[in-house]
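Participant: Chain by chain, the residues:
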Amino acid sequence: MASKALTWLDERLGLSAIYRVVLDRKVPKVNWWFTLGSASLFLFMMQGITGIFLTVYYVPSPDHAYDSIQFIMNEVAFGWLIRGIHHWGATLMVLIVFAHMLRTFYYAAYKYPRELTWVSGVVLLLATLGMGFTGYLLPWNQRSLWATVVGTEIPGTLPLLGPWITRILRGGEDLSAVTLARFFSAHIWLLPAVLAAVIGVHIYLVIRLGISHIPTEED
Amino acid sequence: MKKSPHLSRNEFVTFALGVLGTIMGALVGLPAIGYLLSPALKVRSGEAWIALGPLENYPIGVPTLFTFTRSKVNGWEKTVNSYGVFVLRKSEHEVVVYSNVCTHLSCRVNWQETSAEFICPCHDGRFSIDGDVTHGPPPRPLERYETKIEDGNLSIHFMEG
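As you go down the protein sequences, you meet chains A and B in turn. Per the working numbering, the very first residue in the first sequence carries number 1; after that it's consecutive. Per the working numbering, the very first residue in the second sequence carries number 1001; after that it's consecutive.
Just chain B, with the same shape it has in the complex:
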């Protein structure tokens, strides 16, 4: 039998199945890739300017603790973290804001008025009023935040979270 130049019924079905299968596979397969990757591709910035209130609230020359919380959402889970910063007003318009996290193992440091230094309760790390290490294991000075004063109100640039 001479082969017909037209598609045979069998060839047509094979071809149609192949085309339909490819379309259906792509319709489900491509979204499936997006489904797997999408949480990884979402970039959420925890960056924010945190308002610490009027500058007058902070006494000159004494580090004053300010606490705030930041919430973080991962998938369906929301975590609220609390943070503390020491605001040191050096003069009328000059201000430094330290993180209260010890640079050794992340314990929270306290300001001790009598000895005029920051003391970490965990391993007796000590920092001067300028945030420099004066004693103990901390490898670096206390972290500082970028500050901004607008209309007499103080804000810090919060990066993590």
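With the rest of the complex left out, here is chain A:
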């Protein structure tokens, strides 16, 4: 019965074809370093899910941001767990994505025909760092506030455009409620949308081109 239903669905949706192409594709003999891409994807989904849960209680306003997080940590059941996963998952994601890039670099997997996979990967790395930067402000404590003051001042040292970039990042002259709101917006809408779209491109390219083998002496 179950297999009949699956066959019915498969005839119409082509699920087994998707499974074959996505998960049963041929790969060369590889090692554990080749799991970092999947690990990055897993962490992205984990961050997405825990992030959605955090927005249930978090309020991105200077009046409530800090208190709402205290509420999540101390009052809400398992709030410490959800926020803990999001917090440590963020750090781990930056590490894993970076290690993934190093693996690609050292195995020379960025070469023809995979240049665009590399370029989209660079976008993903930058967007991941952007997630870290914008997410760091949201707890609205002393550390996150001053880290963002410094972080938004650094591009200000660029000649000509610098002060303008700082003002755009902060949404004005100073770090303020406007900064918190736009960092929140970037953190939960803009950057995740970019990440999701570019991850789609990245994975499409990986599936289309296949992955490269570990370089040998002859390569």
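FYI, nobody ran anything at the bench for these hints, they're computed from the structure. You may find that some hints are simply not true.
Derived contacts from chain B toward chain A, CB cut-off under 7 Å, selection only [said to hold, decoys possible]: (1) Pro-1031; (2) Gly-1034; (3) Trp-1111.
For glycine and all other residues, C-beta sits at the position ideal for the given N, C-alpha and C.
Got chain A sorted already, so can you dock chain B onto it with the hints?
Facilitator: Below, chain B alone, put in the same frame as chain A:
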């Protein structure tokens, strides 16, 4: 090729992934349900006995206003509400405590000594010294609090909040 009675490597990995995935899903999924529901399941009672001081403080036959505040915490937000009650000592040991909230639209009523009645400033609702409606739109008499006298000290049973 005859099928081996043992698990193939592929089957083992599929099985192990399924088990691990289920455990990880449960470890995160079940707390997540608690996370969403927990504030809804916490029942905080605003019920309390409020001490209004020694009974001798209140004159016999004249409704006397007593005010107090109660704080309420919702999530990370604390709200302080102020309340007023009229204490009417009918005799040495008999006391009635009215809420000063008009039963029409919740304005605060005042005791007017000259006409000996409670007057609501909003829509001219009037209540007798017994709290009954004598004039205007209020649909019900003034609310009364349950009272308690211990060692000559008066308390009222506060329910809301």
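Participant: Take the hints in turn and mark each one as holding or not.
Facilitator: Cross-check of the supplied hints:
no. : hint     : verdict
1   : Pro-1031 : 4 Å, holds
2   : Gly-1034 : 4 Å, holds
3   : Trp-1111 : 39 Å, violated
Hint check: a violation occurs at hint 3 only; the rest are consistent with the structure.
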